[in-house]
Amino acid sequence: MFLNHSHIAPVSPILKAAEDAARRIPPAFPLEATVAVNPFLGQTGEDLATASARLQRVAGVRATQPVAAYAAMLENGSLADADLDAAVLSAKSRLKPKDVAALKAALGKDDAQEPVALPTVANLAAEFTGVDWPSIIEKTFGVWAAGQFDRGQALWSPTPGADAFASWRVWATHDLTPEIAGLSGFCAHVTAAPDMADRAILRAAEALGLNDHAAETAFHRLYMDLGGWSQHARWILWQQELAGETDRTLADLLAIRLVWEEALLAHVPEIGGKWAETVEAHSAPLEPSEQDVALAIVQEASERAHQRRLIAILDGKTATNGRPALQAAFCIDVRSEVFRRALEGVDPTIETIGFAGFFGLPLAHKAHGSDVVEAHLPVLLNPALESASHADPKGEQDTRIAARAARAWGRFRQAAVSSFAFVEAAGPLYAGKLVRDALGLGDKATKSAPAPRVAGGLDAKAKADTAEAVLRAMSLTTGHGKIVLLSGHGASVTNNPHKSAYHCGACGGYTGEVSVRLLAMLLNDPETRRGLAGRGVSVPDDTLFIAGLHDTTTDEITIYDDGLPSGRGDDIRRMKGWLKQAGRIARAERVAALPGATSTTIADRALNWAEVRPEWGLAGCAAFIAAPRAGTAGKHLGGRAFLHSYDWQLDDGFGTLELIITAPVVVASWINLQYYGSSVTPNIFGGGNKLIHNVVGGIGVIEGNSGRLRPGLPWQAVHDGERLMHEPLRLSVMIEAPCEAISGVLGRHPEVRDLFDNGWLHLFTLKDGKVDARYRPGLVWADATQDLAA
Amino acid sequence: MEFSLSFLAPCVLSVLAIHAWRQPGCRPKGLPHLAEYAALAALGVAALGLVQVAVVGTAVLSFIEAPASRALNANLVTSALVLLVAFIGWVVVRYSRTYLDGEAQEGRFHALMLATLAAVLLFVQSGNLGMLILSSALIGFCLKRLLLFYRERPEARRAATKFALVWHGADAALVIAALLLVANYGTGNLGEIATVASKIGLTWSSSLGIALIVFAAALKTAAFPMHGWLTEVMEAPTPVSALLHAGIINSGGILLILLAGLVQLSPGVMAALVMIGGFTAIFGAAVMLTQSAVKTSLAWSTVSQMGFLLLQCGLGLWALALLHIVAHSLYKAHAFLSSGGAVQAVASLRRPGPIAVPSFAAVLKSFALALVLYALIATAFSVLLGPKTAQALALGAILIFGVAYLVAQGLADLAPAELTKRTALLSLGAAIAYFAFQAGAQAFWGPALPLAPTPGPLEWALIVLAVASFGLVAFAQALFPLWAHHPSTAGLRVHLANGFYMNALLDRAIGGFRSEKAY
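Just so you know, the protein sequences line up as chains A and B, in that order. At position 324 of the first sequence (counting the first as 1) the number is 472 in the numbering used here, and the numbers step up by one without a gap. At position 354 of the second sequence (counting the first as 1) the number is 595 in the numbering used here, and the numbers step up by one without a gap.
It should be emphasised that the hints constitute simulated quantities derived from the structure, not laboratory data. Just so you know, even glycine gets a beta-carbon here, dropped at the ideal spot from N, CA and C. Check each hint, because a few of them may be wrong.
[Stated by the list, open to error] Derived DSS-like pairs: lysine-lysine, alpha-carbon spacing no greater than 27 Å straight-line:
#1 K662(B) with K581(A)
#2 K542(A) with K662(B)
#3 K595(A) with K662(B)
#4 K595(A) with K514(A)
[To be verified] Simulated coverage check for chain B against chain A, where a stretch passes if three residues somewhere in it have a Cβ under 8 Å from a Cβ of chain A:
#5 579-591
#6 691-704
[Stated by the list, open to error] If you want the footprint, here are the derived chain B segments under chain A, 3+ residues with CB under 8 Å:
#7 385-395
#8 746-754
Produce the complete structure using the sequences and hints provided.
Have a look at this one:
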């Protein structure tokens, strides 16, 4: 509860509405280590049609695809009438069309009508006075916010540690821009405004005539108006709450935006009537229209069409061979599916496993030469193990001195006066840098960092505890191969602000390197092995764990030699050969979708500083399958499925099932819905156009000269210029486990159940590799084969 | 000799621009590669052109048989600029090949980019005022269309409008200046006009002409108070910004250098250049400190660097001004093209722990050290290469104040000895590098350009003023962490971050705040 700290204002319905509105905003993680977030995080308590209605009111966009997109699917046959029929039947809304014909008619009705958000006072003032107040607010707010949340771009930042509202008041009482634009007296208005956000909100709400019913969506409207800045503030709150604290920045931003509204209404009293109508509209209960419901049904139908194809592919499990020579564990990331399929195809003695790429180690890590603590784990969780990749004291000192000298040089480049000396002294040398970067000759061979270590080391018990927990979660307590490759992943890209978005989401937006290297060393440790044996997990003595990193741009795998025994050289060489072959096959498959790529030039994308589509990330993700690999091995899932290895028969008490449903499934749904949001609502939940990105404060991007922070995926990450590369489908989760066990987990986690009950996720059970039952809202299961359109 | 290979560079690009114009859409077959090859060919002939000039001598191109009508010039100055522009051109066209892939107007972009480059290449080797004005107008025409590449963006339309207003305003000033000069001296030939003018002397109307040229140069280099257009034009794809900041923004400076002999005849105009340039340099650099968006910050840096360029011109240090153009272009092109790395760059700042802040005493020490360093190096270079002018020494002092900032960072109490050593070495390297580059520039271009005027009382006053104000700012900068977050400076930071509202005032004047209907 971030608003309840005020000692003066009692908790009023208005402040409650402010809090509710704030909770509707999804967090946006800074680009330094960004992870996908479900943009509809604040709407998971309602269904798609209602969320769509809400977004139309507060942001002027629908949460569904344009009618034309659905019409095209019907046209080309990818969406069948049977899918529509099934979707209509399963819909619960009383506004739903009675049959497919009525649905099609409803779609055709008013497709030209573009949704428009309810106006803000700024919109009305602009309409009346002809002065573009929304853009002036965006710009001046943006300049202030960029400084406030700057992590080191500008040398002169605002006083660190000041609250957002206090800092803005200092800014706004000096900033003459609004007055030059015509809002005379704005500085005085800010000076006279209450100095606490809560009181400023209450005062403005009163001045604006906001009643308790209108306040929530009116506030939500203003939050959406601030674009990514609200989402950045929501991230601050997210981090604080994860650590058991709270934060007031979101309330501060609302207060700032309300001070503007208040001033503009006073400045242009003529718009009072129209504003009162707007407040009236805000206080109307939020209900989807028939069109919203119809569009949500067609969206559901398009997902059913995908499920129909997927179910046809999943035609039962394949036989497994004996003890594998190589058991390779990859992240559940959909990009691994392509590589795993390729690798298994190389040799019948290879088996692959899917598990979240942090491999269960909740690390708070310090990189080589760094004091900054990085959380290498899913953002839903708190780190519990401290680690560092620090070299010996001498090496560490050298790295730091070099970095500090480079930093001093950077300040020399940036500072007043010295910037002239910099240009005169170093400018000509940039001719060489231009040639180097233009030809992609940049740092090709970066030396791998020193091996990570757990801070203070682990005792025998902790080693065994950690190892046992990881292996049980991976369903890897028996049948270990001779070599178990633990492969994390990361993407090599150059000059790309969204680099971390291509890294491992399960590792908090970093690569999986640290996690796999630590785990491999832990699992090879004789002390760990002894401890495991005592707990009934027997790992054969000749099983060797090896850490690797899958580069998802080039499909090459780096192997880390953290004390690998020399006696296993032949095994390791053979493994490397297999990985190379698999890389070639995977590249050949990926080439088709990458514009202008050939399988020989694909690696150049990693080094090309002008490349805006180095790889496709998780675009296309549509399914999550938790089952033994035997059920999916050999099936061409097109790099669109998260694959989590899970054997329910080894899962006593379904603890692992609970973990899977509450963590990897939720993370996968965040990723899937981020792609959905960035494709369907690119203007509010998408990152905009990479060609005009302007990195701000080291945390995010704005487009060109505008003031609005743009979280989410850039357009180039979901679109190849001619078509959408991400088909916007909500995730279909398929789990090989008994229905009752799954229902049990959902019953214990209402927030996760919401996702399924409100249609943000689909859920199926599998039996022997075939789809068995479909989940219906309210913990009900239906026969999937009957429920499906043929 | 009548023909230089450099003259071919714009021709190659124009031919391909026309070809590109015919395939304006998405993924035009083979075109992006062709565009790069054309840029590479232009770079090739530019390099050969420089060699030709260096070995064989200068060249001119005339379309009619009259010495006054030379359209293009090739000498060491223009050929070096051709090579610079062609090099930047190749880099940005190659970058665009990948970067623009899949854009709806991909072919059109390449056409405009090549046409702009061709126009800049014409501009830098203009032989007469007519060609200069024509090519300048052409640059403005093409660049405006590039700035409107995302025409649907109101911000882009505003920026393009502002750009066109200032740019073509400067062109109009040039037209009047040309008429006045031709009326006075009977020639528009860039090679002759200074000679004729120094014979005949200045009249009030030719003085006005020169003042208008300087006015145009100030507009084109985004000097205070008309700098606003430059800080908003990151609305076009990144390669456009790179070309703008590395190739086009220099035209004001190039204009002055091409007409150096003429401009230097007017001490008043030279003084104006020192004042406008010096103020803009300090103003831009101070605003840049407050900018949190990387491209915006780079744009302010350009404002400031162009101010410095005008200052160098005003001091009559023409060869050094040319060096500044080359050095700044290369740096800024790279900075824009690699600006996507800003997230990583900012993140890496925090990794090695807190910054050691130098105390007042350490800053004093660093300035003393820097001055000693300067005395040593300046003496060494003077002994080796002959005495330096007062202006050159003053400029050296200004630059050494900048180096003092680097020294100061190593002298902070908390800085480990190893870091002190590194920053000292870097400082020494920087000092030697720029004196060496300056000596090189003087040796290469000096003979082709006028000497700095012997300073009179006015010049001395300006030199002292410039050195004192840059020194003061440098000193304040070095002490920056000690005062930047004091509450009393909060207001200053706000005003600076808003560029002293010059842009807001311009917006108000030209209706930039109005809600506009899409056109």
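So, going through the hints one by one against the coordinates:
About 26 Å separates the Cα atoms of K662(B) and K581(A), which keeps this hinted pair within 27 Å; it holds. Taking the CA atoms of K542(A) and K662(B), the gap is near 17 Å; set against the 27 Å cutoff, the hint holds. Between K595(A) and K662(B) the CA atoms are separated by roughly 26 Å; this keeps the pair inside 27 Å, and the hint holds. For the given pair, K595(A) sits about 17 Å from K514(A) by alpha-carbon distance, which is consistent with the 27 Å threshold.
Given a C-beta distance limit of less than 8 Å, the hint that chain A covers the segment 579-591 of chain B holds, as 13 residues qualify and 3 suffice. Counting residues of the segment 691-704 of chain B whose C-beta sits closer than 8 Å to any C-beta of chain A gives 0, which falls short of three, so the coverage hint is violated. Only when three residues or more bring their CB closer than 8 Å to a CB of chain A does the claim for the segment 385-395 of chain B stand; here the count is 3, and the claim holds. A count of 4 residues in the segment 746-754 of chain B with a Cβ less than 8 Å from any Cβ of chain A is obtained; the coverage claim is therefore met, three being the minimum.
Figure legend: structure checked against the earlier numbered hints; the only hint not met is number 6.
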